[in-house]
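Engineer: Position chains P and H relative to chain D; hints supplied.
This is what each chain is made of:
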Amino acid sequence: MEAINWHSCFFLLFAILSCGFAVAVAVSDNIVRMAVYLIASLAAVSGLFFLAGADFVGAMQLMIYVGGTLVLLAFGVMLTARGPLVKIATGGGQWVLGAMLGGGLLVILLQAAFSVEAWQRPEVTPEVAQGEDLATAAPLGMGMMGIRVDQLDETDTVKRGGMSGYLLPFEIVSVHLLVALIGAAYLARARRPAHLVQSGDGGKGDRRPEGGDR
Amino acid sequence: MTEFLTHYIEPDWIAHFLVAAVHCGLILGLVVMAAAAFTWAERKVAGRIQDRLGPTRVGGRFGWLQSPADGLKLLAKEDLVPAEADGPLFRLAPYVSFCTSFAVFVALPLSNDWVAQRLDASVFFLLAVAGLEVFGVILGGYASGSKWSLFGAMREAAQVVSYEVPLGLCVVIPVMVAGTMNLVTIGNMQSGWFVNWMIFHDPFMFITFWVYCACAMASVNRAPFDLAEAESELVAGFLTEYSGFRWSIFFMAEYASMLAVCLLASILFLGGWNGPVPITSWLGLTHDVHPVAGFVGDLLGFANILAKGVLGVIVMMWARWTLPRLRIDQVLTMCLKYCIPLAAAMFLGAMGWTYVIRGGLSDMDEPTPVVQSGQSVSLANHQEGGR
Amino acid sequence: MANERSQAELIEQDIQTDELLINMGPQHPSTHGVLRLVLRTDGEVIVDAVPHIGYLHRSGEKVGESVSARQFAPYTDRLDYLASMNMNLGWALAVEKLLGLEATERAGCLRVIMCELNRIASHLVAAGTYGLDLGSFTPFTYTFREREKIQNLFEAVCGARLTYSYIVPGGVTADLPDGWLDQCEAFLEEFTPVIDELHAVLTSNDIFIRRTARVGVLSREMAIDYGCTGPVLRGSGVDWDLRRDGQSPYIELYKDYTFDVIAPIDGHYRNEAAYPAVPFDAVVGDSWHRFFIRMIEVVQSMAIIRQAMDRYRKTEPDVGKPIKTTEKLPAGEVYLETEAPKGQMGFMVIGDGTKTPWRVRLRSSCFSNLSVAPELCRGHLMADVPAIVGSLDLVLGEIDR
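Residue numbers (the working numbering), protein chains in the order written: chain D, 1 to 214; chain P, 1 to 387; chain H, 1 to 401.
With the rest of the complex left out, here is chain D (with noise of 0.2 Å):
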């Protein structure tokens, strides 16, 4: 009996079922079922890393995507979708613009993945099977620490000042994200007409929110 590769029947079931509800998202037009559709894919994802063998990578894909980005998406969704919001009908026009869009990268995604040599004849080397020069995300988590391990063997010393790691890159990526996300609120905040703001006081000159922090 010939012996089954269940790993890569697990990788078709978790690549089908991302893929299906990927296509899902797109067809359906009801946009709560949307995000329950993305959440089923992107958790198949997170199954095809954890099939990989990549934990950790796994767990961070559960953990941002569909426990942080997905349930804010829902909460969004379930404040908004209301009356016509619900419906989302895709038009003629937007089928063929998005094929279009979505061909081409597909197109690009796949001269891509089969330009690359190594990945047409996967070669089974001694340093590979060692676990040698398998790239990893650790010399990109030390530069963030401000370790370069690519550059370790640099000995003048004024370079490798200048070497600190993606540190700073990093910070003024998310100090800038903080400001968008800070401008976001800011601008999505409600502004009430007097009259309204007043008779929701009560006339006690006391809001609400703040009483909490007491």
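Since the hints were made in silico from the structure, they are not lab data.
Accuracy of the hints is not assured; some may be wrong.
For each label pair, taking beta carbons as the anchor points, the in silico distance ranges come out as [stated by the list, open to error]:
hint : chain 1 : residue 1 : chain 2 : residue 2 : range
1    : P       : A344      : D       : H176      : 15 to 23 Å
2    : H       : Q27       : D       : D29       : 17 to 25 Å
3    : P       : T56       : D       : L177      : 56 to 64 Å
4    : P       : L336      : H       : D42       : 31 to 39 Å
Here are a few chain P residues that sit away from chain D, every Cβ distance over 10 Å (derived from the structure) [claimed, not checked]:
hint : residue
5    : I27
6    : P55
7    : G59
8    : Y95
9    : Y142
10   : W318
Note that the coordinates shown come from a computational prediction; the quantities given were computed from them, not determined experimentally.
Just so you know, even glycine gets a beta-carbon here, dropped at the ideal spot from N, CA and C.
Structural biologist: Then chains P and H, alone, in the frame of chain D:
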């Protein structure tokens, strides 16, 4: 177990399948038994706190058959789906909740190396999966087509997303001290006398434990943080339209995740399967002596961790039946103004402590992790630090 | 005109968030019976709350005009069914005043004992269910356990546990059974430590304080304007209690008893060292004070009961004779308000020489107290609605009559 079975059973995949089935069955049994036992315990605890007896009749004494009887009743109930509900999602939601709380146990060691799936980043996996339980609640609340349910779901989303942050921070601190995200390693590091437990490692860790307790309670939606249910405000919150079997699935998910956070707390802070006194090593119940002795020792460890977990759950019940419920703004205030800064401060403090003093208060064994697969462990640590 | 336009512009700038219209009740765990509140909310913030009443309407006043004064007494039981004794008393006194009757001294003592016991029972229900409203289940069982003991006492006196019809025009229906006073004293002894327990789980509980202090602040002026009475009025710092400030013949009942009217005067209670300290966060007129006043009134009622029992022992064994069911009411009009546990309950009876009154009118304290609820709820969060409505201690049987 897998190696053992593949040795005897010819096609490998049958062996793998058997192993998976056994693990699933064991975890499912644990979860369901825990839910049943906790339902009964909750009634008894509530009864005693409220100066009454709780269930006394079903099953003869102590009402010990109350939970199966309730289960039967729930199974026999009419299966209701409101006309306004989004049918498929409404039906799906309880299972989403249950599956995620179930999946938590996959990576949760219940004794030395008693774990369904060994993961190097098991702490992280646990947190990630535990955070998904909220989806069942959100889906159920939304799909019910009821405004009360929607309110419950919205509260749940706001609350859980907020509390994941301090909870994660609290978990990171013992992970940082241990130097590994592998729960088995963390648990084994705390062997010996109870002073070796993480909670007694340094003063910061001690405070962290209590912050973790508050955040864990909030993240599994237990009173006084049960805002998603809040029966006096939202009728029953996201559960308003659920009845019968589906309701009981939600119920089981709640108890399962309660047990999960308590077990996680006992591994991270309270020594896991190591008792307060190193009895197992005195009695020679280790794998070095004899495999059977080792198994007995592990069994003792399992009883140990289970006792700690159950104790944690009972403390949660105690809080539920004693305290009034907080308001949503107070819950979020507590998270953002107290828990997160406190957890962050403890993080810095513990970091300083390990940098300056290295060992714990009790001068425990040098906390150098037994690195099993160096690459991924160190990778995990770097990324954790960078986040 | 210009003002209107600027307001319109402001609305345009506002992000369009839907206001949610929510029916809270009549089937809702914390609307205490069949109150229906229609809430308009912006997220969790209450924009408006409109109470809808009438789900328990039983034409009480019209019934009063169709039956004789004696026959109406059982109907008064069903008004505030948590304080039936007090309802009985109001009707009995109003009819007696119209008839020119005066109850015997012993009947007067019994009336005071029963009404104050029932006040304790009513306040216990209020405290327990208020705990439920705030998500704390356990105090409810403690208060109901004590209330059961009071109901046992009532059962021994009149055979009923909820609708007593014990105090009737002309006197009371029966004298006390043997040993009742000892039982009552035993109850008061047992009950004293329970009050401290309740203070521990509710009044001075930190979460409880956070949920009630500065929630639903009812200013003194607003309380008077809306006709609030009882603990709701006193909670806003108005020193007013009909047991001390009422009309004859009600005031004669309480003439020689010493008790404090519990109200914060300039933020301080009389004899306040004897009770748990007022938390720093609480302001006069908020839900915490309304709750606190009920808890302390219970202590005062116990003092009154002890005095009344002492006095009872010295009276002649004559509890009066209930009026006949065919007793003709003289032409005339009487309106009398009494201090029921929830506020001032007014009974108006107009006789026209026949046995049935020409007009009966009932003034419900809960109705007036409920009328401030929309004002108090506005701007608060959803979770505060039970906290506010619960602190008003409403009974729909009295509002709907």
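Engineer: Does each hint hold? Answer for all of them.
Structural biologist: Verification of the hints:
1. P:A344 <-> D:H176: 15 to 23 Å: Roughly 22 Å apart at Cβ, these two residues keep to the hinted range, so it holds.
2. H:Q27 <-> D:D29: 17 to 25 Å: violated (35 Å)
3. P:T56 <-> D:L177: 56 to 64 Å: Given a distance of about 58 Å, which is inside 56 to 64 Å, the answer is holds.
4. P:L336 <-> H:D42: 31 to 39 Å: violated (22 Å)
5. I27: Non-interface label on I27 of chain P holds, nearest chain D Cβ at 17 Å vs cutoff 10 Å.
6. P55: At roughly 37 Å from the nearest Cβ of chain D, P55 of chain P sits farther out than 10 Å, so the non-interface label holds.
7. G59: holds (40 Å)
8. Y95: holds (13 Å)
9. Y142: At roughly 5 Å from the nearest Cβ of chain D, Y142 of chain P sits no farther out than 10 Å, so the non-interface label is violated.
10. W318: holds (25 Å)
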